[in-house]
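There are 2 protein chains.
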Amino acid sequence: MHITADTLLNALRSQGMRITDARIQICEEIAERHGEHLTATAISETVDANESTVYRTLEVLEQAGIVEHSHMGHGPAVYHLAEDSDHHHLVCERCGRAEALPAAAYEALVAGITAETGFVPTSRHFALTGLCSRCKAENT
Amino acid sequence: MHITADTLLNALRSQGMRITDARIQICEEIAERHGEHLTATAISETVDANESTVYRTLEVLEQAGIVEHSHMGHGPAVYHLAEDSDHHHLVCERCGRAEALPAAAYEALVAGITAETGFVPTSRHFALTGLCSRCKAENT
DNA sequence: GTTCGTGCAAACGATTTGCATTACT
DNA sequence: AGTAATGCAAATCGTTTGCACGAAC
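Note that the protein sequences, when read in sequence, are chains A and B. Each residue of the first sequence is one higher than the one before, counting from 2 in the numbering used here. Each residue of the second sequence is one higher than the one before, counting from 2 in the numbering used here.
Check before you lean on any hint, since a few could be wrong.
Given that identical chains are not distinguished, each listed pair holds provided it fits within a single copy or across any two copies.
Claimed, not checked - Calculated pairs, SDA-like style, for lysine to any residue (alpha carbon to alpha carbon, straight line, at most 25 Å): (1) 137 - 123; (2) 137 - 122; (3) 137 - 75; (4) 137 - 76; (5) 137 - 116; (6) 137 - 113; (7) 137 - 72; (8) 137 - 89; (9) 137 - 127; (10) 137 - 64; (11) 137 - 101; (12) 137 - 38; (13) 137 - 104; (14) 137 - 83.
Hints were generated in silico from the structure; no laboratory data involved.
Make a model of the complete structure from these sequences and hints.
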């Protein structure tokens, strides 16, 4: 079952943060659209809260370890639940769409690196740019 | 031997672009400081050219395939010679040291991604954070 | 009642753009 | 001469911040 807005709100509550209308809506939005790449602007357009409030709330949620953000090429930062598995992204340099890096491929990479160098990757998000299959096909 | 400013300028010339004072200085700067991560602002501070000229020139050089840029977290984009960019790094989050990502591991990753998703990674510069073997050992 | 959270507008850093002037070819 | 490149200032985009007001505790 997916994470609910209440889970997020309880996490805030347990950190002594106040529960407000804006935070409720923002948490609902994040919970409902988990797995998506949400920008602060996108959230502020959907919920009844000022953009700066969205930024501040996202910052709070991030400090609480609930959400994370990453910078993908140009454009705004994208936020997602920290618990979502797809922290690793493939970003198309042509159309800008992002897809998840297959978990198997990532695990193989980590295993290979550790075996060869002893280095243990811990990064929770990174992005690899390239051409998605669709743009690749269009690209004569 | 390192690439020279003339090489860069010739590349521009061969694309029908004009050679100007600003471009000469910018190319010299890039050639001299190759291997470094240069921001547009840093370049404009060193050479006698407006910041927007630097951006425009970098854009031209990028379209010519001579330089590339990447976004590292927050902060400005960094530019470097395309030929310098075939580096994938493992950056230790504890000691800050960077080591090279084994080519075999990277190639396996690319192959795995393409096989599973059709996505073709083209980025030749990305970094994975984690713990290096040394810090891992120290880490109780 | 005391903080904390909010909206608003303004400040901000990085980058882009419109336009008149300058200079390469 | 003709057109591309420049400088400058203003515009833009994403994000942060200062401040006075309203709301959660």
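Hint by hint, where does the structure go against what was stated? Just the numbers, ascending.
none
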